[in-house]
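There are 2 protein chains.
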Amino acid sequence: MNIQSGFNTREHIYPYTFTRHKTQDSAWPPQVLWFTGLSAAGKSTIANGLNSVLIARGLKTAILDGDSLRTGLCRDLGFSEQDRDENVRRVAEVAALMTDAGLTVLVALISPTREARHYARSIIGNDRFVEVFVEVPLAVAEARDPKGLYRRARSVELAGFTGIDSPYEPPVCPELHLRSDQISVAGAVGLIDAWLRRVRAG
Amino acid sequence: MNIQSGFNTREHIYPYTFTRHKTQDSAWPPQVLWFTGLSAAGKSTIANGLNSVLIARGLKTAILDGDSLRTGLCRDLGFSEQDRDENVRRVAEVAALMTDAGLTVLVALISPTREARHYARSIIGNDRFVEVFVEVPLAVAEARDPKGLYRRARSVELAGFTGIDSPYEPPVCPELHLRSDQISVAGAVGLIDAWLRRVRAG
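Sequence order for the protein chains is U and V.
Counting in numbering that gives the first Met the number 0, the first sequence runs from 0 upward without gaps.
Counting in numbering that gives the first Met the number 0, the second sequence runs from 0 upward without gaps.
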């Protein structure tokens with residue numbers, strides 16, 4: 000950040016008041032499904048499966064995938080604790096903007112710390128934030144290792160890898176909790192969808 | 000940015016390949032209308048007016064307003080040249096994500112440099128980027144001065160203010176060019192809408 004001397008950077012911001020339009024055109028209020036969990040837990044796979052179900056229902060959706068965003072919006076960020084928190088913050092801000100615009104947003108992001116996820120929840124709003132904990136035993140994620148990342152983290156090629164030498168803090172009270180080693184992708188999608196229909200349909 | 004020693008921060012990014020869905024459900028391809036111009040040129044006002052027209056047509060829209068974003072996604076950024084470029088980059092990335100999701104996006108952002116706007120165009124894609132130059136003589140913007148910012152910039156309370164002690168580079172070849180001191184808001188909205196219907200309707 001670059002602050003010019005004697006110049007309060009926030010001081011001359013006067014947000015324009017835009018005309019409010021009703022963006023919601025279905026019984027489904029726009030919301031954010033926030034998938035958190037270890038690398039290779041199945042977050043993106045389950046989000047992708049759920050996305051098809053939601054689109055078939057007529058919802059407008061967007062997927063915000065941690066890995067993809069790091070090649071775009073968050074390309075200036077690394078994997079230090081501070082940069083990871085900033086990564087989570089930006090994704091949450093974008094998800095909030097998209098929800099404002101009427102989209103149902105699926106976020107697939109390791110988001111390892113409780114604090115950052117809590118901050119994300121506060122940005123998005125508790126009533127439209129659905130935390131989905133995709134749990135898998137570390138040994139299973141390591142055995143899957145579709146990208147060879149765990150192997151490289153173990154051989155110290157990668158530093159600060161979540162689950163190996165960087166902690167993952169499991170959610171204390173997520174809206175949804177799935178064990179991806181004990182349920183199929185279709186099963187996980189079905190569970191989330193059933194929960195949404197029961198709890199979150201307008 | 001924080002790069003850990005011996006650890007290529009880009010190296011372990013493997014974007015997941017999500018199922019592609021057709022998000023476009025009208026004859027109107029999702030695109031970005033990028034309003035650039037001096038502070039008080041009328042960017043947000045015209046964007047807001049156009050937004051109502053587009054929504055009435057059944058389009059899903061989102062407004063990304065520079066001032067509003069600086070209280071959220073871009074709150075860590077100041078007004079140095081470098082921070083302004085990063086501001087433009089992030090807005091462009093978010094606009095691209097929203098367009099991918101099927102929204103028509105209206106960006107109201109001073110975005111003073113040609114280089115940053117060109118970069119925004121490259122991120123969003125030339126075929127879905129509409130640069131709208133909202134021109135106004137500096138003297139008129141200063142006379143309007145709805146937020147008292149020009150007065151404060153002249154009295155050196157604000158440093159680096161576009162048009163006063165920080166340059167604005169007019170677009171060389173914008174898709175649309177309006178003079179907001181010679182046309183009403185409704186007139187400007189009508190011109191843009193007519194252009195869209197003629198050139199950009201599917």
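There's no promise every hint is true.
Not the full set, but computed from the structure, chain V residues with beta-carbon under 8 Å of chain U [to be verified]:
| id | residue |
| --- | --- |
| 1 | R56 |
| 2 | L58 |
| 3 | R113 |
| 4 | P166 |
A few chain V residues that face chain U, going by a derived Cβ cut-off under 8 Å, partial list only [what the hints assert, rightly or not]:
| id | residue |
| --- | --- |
| 5 | I62 |
| 6 | L96 |
| 7 | I163 |
| 8 | S165 |
| 9 | Y167 |
| 10 | P169 |
| 11 | P170 |
| 12 | V171 |
| 13 | P173 |
| 14 | A193 |
A few chain U residues that don't get close to chain V, going by computed Cβ distances all over 10 Å [stated by the list, open to error]:
| id | residue |
| --- | --- |
| 15 | P28 |
| 16 | N50 |
| 17 | T60 |
| 18 | I62 |
| 19 | L63 |
| 20 | G71 |
| 21 | R89 |
| 22 | G101 |
| 23 | H117 |
| 24 | P136 |
| 25 | E141 |
No lab work stands behind these hints, which were simulated from the structure alone.
From the three backbone atoms N, C-alpha and C, an ideal C-beta is built for every residue, glycine too.
So, going through the hints one by one against the coordinates:
Taking 8 Å as the C-beta contact cut-off toward chain U, the hint placing R56(V) at the interface is violated, the least distance being around 12 Å. Because the beta carbon of L58(V) sits about 11 Å from the nearest beta carbon in chain U, more than 8 Å, this interface hint is broken. A least Cβ separation of about 21 Å between R113(V) and chain U goes past the 8 Å threshold, and the interface hint is therefore violated. Given hint, P166(V) at the interface with chain U, is violated; its Cβ is 16 Å from that chain's nearest Cβ, farther than 8 Å.
With its C-beta approaching chain U no nearer than about 6 Å, I62(V) sits inside the 8 Å limit, and its interface hint holds. Against a cut-off of 8 Å between C-beta atoms, the interface hint on L96(V) holds, since the closest Cβ of chain U lies about 7 Å away. This hint is violated: I163(V) has a C-beta 12 Å from the nearest C-beta of chain U, more than the 8 Å allowed. Interface restraint check for S165(V): the shortest CB-CB distance to chain U comes to about 10 Å, outside 8 Å, so the restraint is violated.
Interface restraint check: Y167(V) against chain U, minimum CB-CB distance 16 Å, threshold 8 Å, status violated. The closest approach between the C-beta of P169(V) and any C-beta of chain U is roughly 22 Å, which is over the 8 Å cut-off, so the hint fails. Nearest Cβ of chain U to the Cβ of P170(V): about 22 Å, over the 8 Å cut. The hint is violated. Residue-level restraint check for V171(V) is violated (minimum Cβ-Cβ distance to chain U is 26 Å; threshold 8 Å).
Evaluation of the P173(V) hint against chain U yields a violated restraint, the C-beta minimum of about 21 Å exceeding 8 Å. The criterion of a C-beta within 8 Å of any C-beta in chain U is not met by A193(V), whose closest approach is roughly 21 Å, and the hint is violated. Look at P28(U): its CB is around 15 Å from the nearest CB on chain V, clear of 10 Å, so calling it non-interface holds up. The beta carbon of N50(U) sits about 7 Å from the closest Cβ of chain V, which is not more than 10 Å, so the claim that it is off the interface is violated.
Not every beta carbon of chain V lies more than 10 Å from that of T60(U), the smallest distance being close to 7 Å; the non-interface claim is violated. Listed as a non-interface residue, I62(U) fails to keep its Cβ farther than 10 Å from every Cβ of chain V; the least gap is roughly 6 Å. At roughly 7 Å from the closest C-beta of chain V, the C-beta of L63(U) falls inside 10 Å, breaking its exclusion from the interface. For G71(U), the condition that its CB be more than 10 Å from all CB atoms of chain V is violated, with the nearest at approximately 5 Å.
For R89(U), the requirement that its beta carbon stay farther than 10 Å from each beta carbon of chain V is not met, with the minimum near 6 Å. The beta carbon of G101(U) sits about 6 Å from the closest Cβ of chain V, which is not more than 10 Å, so the claim that it is off the interface is violated. Annotated as non-interface, H117(U) keeps its C-beta farther than 10 Å from every C-beta of chain V; the closest such distance is 17 Å. For P136(U), the condition that its CB be more than 10 Å from all CB atoms of chain V holds, with the nearest at approximately 21 Å.
The Cβ of E141(U) sits about 15 Å from the closest Cβ of chain V, beyond the 10 Å cut-off, so the non-interface label holds.
Violated hints for the displayed structure, listed by number in ascending order: 1, 2, 3, 4, 7, 8, 9, 10, 11, 12, 13, 14, 16, 17, 18, 19, 20, 21 and 22.
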